[in-house]
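Engineer: Chain order of the listed sequences is A and B.
According to the numbering used here, the residues represented by the first sequence are 147 to 464, in order.
According to the numbering used here, the residues represented by the second sequence are 147 to 464, in order.
No lab work stands behind these hints, which were simulated from the structure alone.
You can trust all of the hints, since none of them are fake.
Simulated crosslink set (SDA-like; lysine to any residue; CA at most 20 Å straight-line):
no. : chain 1 : residue 1 : chain 2 : residue 2
1   : A       : K291      : B       : N180
2   : A       : K291      : B       : E197
3   : B       : K173      : A       : I251
4   : B       : K431      : B       : E304
5   : A       : K173      : B       : E250
6   : B       : K291      : A       : G195
7   : A       : K291      : B       : K291
8   : A       : K162      : B       : S279
9   : B       : K162      : A       : N248
10  : B       : K173      : A       : T261
11  : B       : K173      : A       : S335
12  : B       : K264      : A       : V171
13  : A       : K291      : B       : E196
14  : B       : K431      : B       : Y446
15  : B       : K173      : A       : D253
To give an idea of the interface, some chain A residues facing chain B are shown, with a C-beta separation under 10 Å as derived from the structure:
no. : residue
16  : V175
17  : I243
18  : H274
Derived coverage of chain A by chain B (criterion: at least 3 residues anywhere in the stretch with Cβ under 8 Å from a Cβ of chain B; other residues may be distant):
no. : segment
19  : 188-200
20  : 260-273
Just so it is clear, CB atoms sit at the ideal spot from N, CA and C, and this is done for glycine as well.
Protein chains: 2
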Amino acid sequence: MLDKVIRELRSFEGIKRKNAIGPFVRKFVDHPDNVIASFGEDAAVIEVGEEILLLSADGIWSKLMEADPRWAGYCSILVNVHDIAGMGGNPVGLVDICTIGNQEIYDDITEGMATALKKLDVPMIGGHFNPDSQQSSIDVAILGKAEREEVIYSDRAEVGDNIIVGIDLDGRVHPSFDLNWDTTTMKESEEVRKGLNSMKRLGEKGLVNSGKDISNPGLIGTTGMLLEFSKKGGLIDLEEIPTPDDISFIEWLKMYPGVGFTVTASEENTSDVLEEFKDSGLTGKVIGEVSEDRKLNLRYEGREKTLFDFETEGITGL
Amino acid sequence: MLDKVIRELRSFEGIKRKNAIGPFVRKFVDHPDNVIASFGEDAAVIEVGEEILLLSADGIWSKLMEADPRWAGYCSILVNVHDIAGMGGNPVGLVDICTIGNQEIYDDITEGMATALKKLDVPMIGGHFNPDSQQSSIDVAILGKAEREEVIYSDRAEVGDNIIVGIDLDGRVHPSFDLNWDTTTMKESEEVRKGLNSMKRLGEKGLVNSGKDISNPGLIGTTGMLLEFSKKGGLIDLEEIPTPDDISFIEWLKMYPGVGFTVTASEENTSDVLEEFKDSGLTGKVIGEVSEDRKLNLRYEGREKTLFDFETEGITGL
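Next comes chain A alone, as it looks inside the complex:
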């Protein structure tokens, strides 16, 4: 199992495609003082007057658009709100750039978007519409806000922290796209938002040192990005990873979950973190520990093996 997981994750496109971030970002690193955080975080953190604002943008993978435009439209909203949630913030509003090949796709994308906007209670407040393209795409950016002392960053994991996931296991592999673990379309707005708000509550209570929303690279891949960005390493125990029934473990590790976060917290705060995830309707579980050596190791049945050595092969290169 251990060798298979490592082989599968190393060749997983959802992780590999993050390699391109580092070289891209290095072209744009010159920031004024009011930019508190930028690339590498789920959202940039900017100080404007007295306010701490979050700004993020997410495109929808072309594979998803080809598979199901309605679900792509829905996800374009969900993933952006998820980014703001992952930082411990509140969403304020979205803008979109919608590029459409034909009327049928248009109807599907906008219906998916409208459904998600309603469920997540966030307004679409502007954007740009390209009615005349060959290929359809939906890109969305989001503005959020947060309290200065409550923002949860990805680069602040501390050696000895427990690695904890908080994730909604109650869902289904989306019928249109087998890399999406859908836990929101079948639930009421209040329930979905309660799960998303778990990070905000963790931030308010100062319970975690770092955190990130689980996205395309999956549960382990996203945790790896957090550890790399924190200039740390870690050991993840595969047997501790909470997994839904009726899904293969490898498949699960590649899922983009509807609502899921990976955080690190001190031993002292760990039980409170788990309690908070539980109160939010998520399954919280300690899955490993942050280490000083810059390697992400996996353990299974007492055996350990390195998945990524960040000294030699980063996920993002950040």
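Position chain B against the provided structure of chain A, taking the given hints into account.
Structural biologist: What follows is chain B alone, placed relative to chain A:
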């Protein structure tokens, strides 16, 4: 000439493609009270705490990307900063969604973006990178800020206002894309930003009732969008439109200028508006007047003809 202008503008893709906005927007109109303005403006206006924020997004037309990826990357920044400038605001930061087909296009787009970021002195603070698509695209969103009483809206033209353009005539048709009037690549940062800041100064002094940045629909098309959104009409005198030498008039009317704005102001404030544009290095000119009937009429050599009747054929349908 008058008939030719009307025929050409009515069939101009840069204007026609705006028809799709109205039906799109009507799916997303449910906004909370802190959203002061949204669709139809160059940027949404949102109140967050004590701050007035601007949020906008712009995609680059696929035709431009096909013609010249470097220029497309440059424009992706310029048009977003132009949006914030058009509202009388200051840019704070940008996020991008960059989708890349191959390494050569990647180098060109990012080089164009980096050049524009430096010239316009705005930071790129985050985004999303798709390294593995068939078709390349660059979408950018921008956060800006403004003072509550100084924001310039598109929907507030008043009957009897003069219609005034402030535009940089000192430029060239871009060699890669004949719908772009490039006035920025050959100029120093300070000069470009001075022109862009003209609107901020007009807002500070409260000199205009409405305004908009001139974009893809061109000088008359953009003015038409402003009048339609203000639920007014207007008469534009073709002979008064400032035009560079060595370019055909029809061609000029379809240009996306590097720096150009259309505003409306009372007769009383008109000379101050013209002065402000001049001080900003732009050519300011009264080109017409706002009227009550919801028609955009054009005049040439004493003859008048309707270009758009907003009662029956809107540009955006907003």
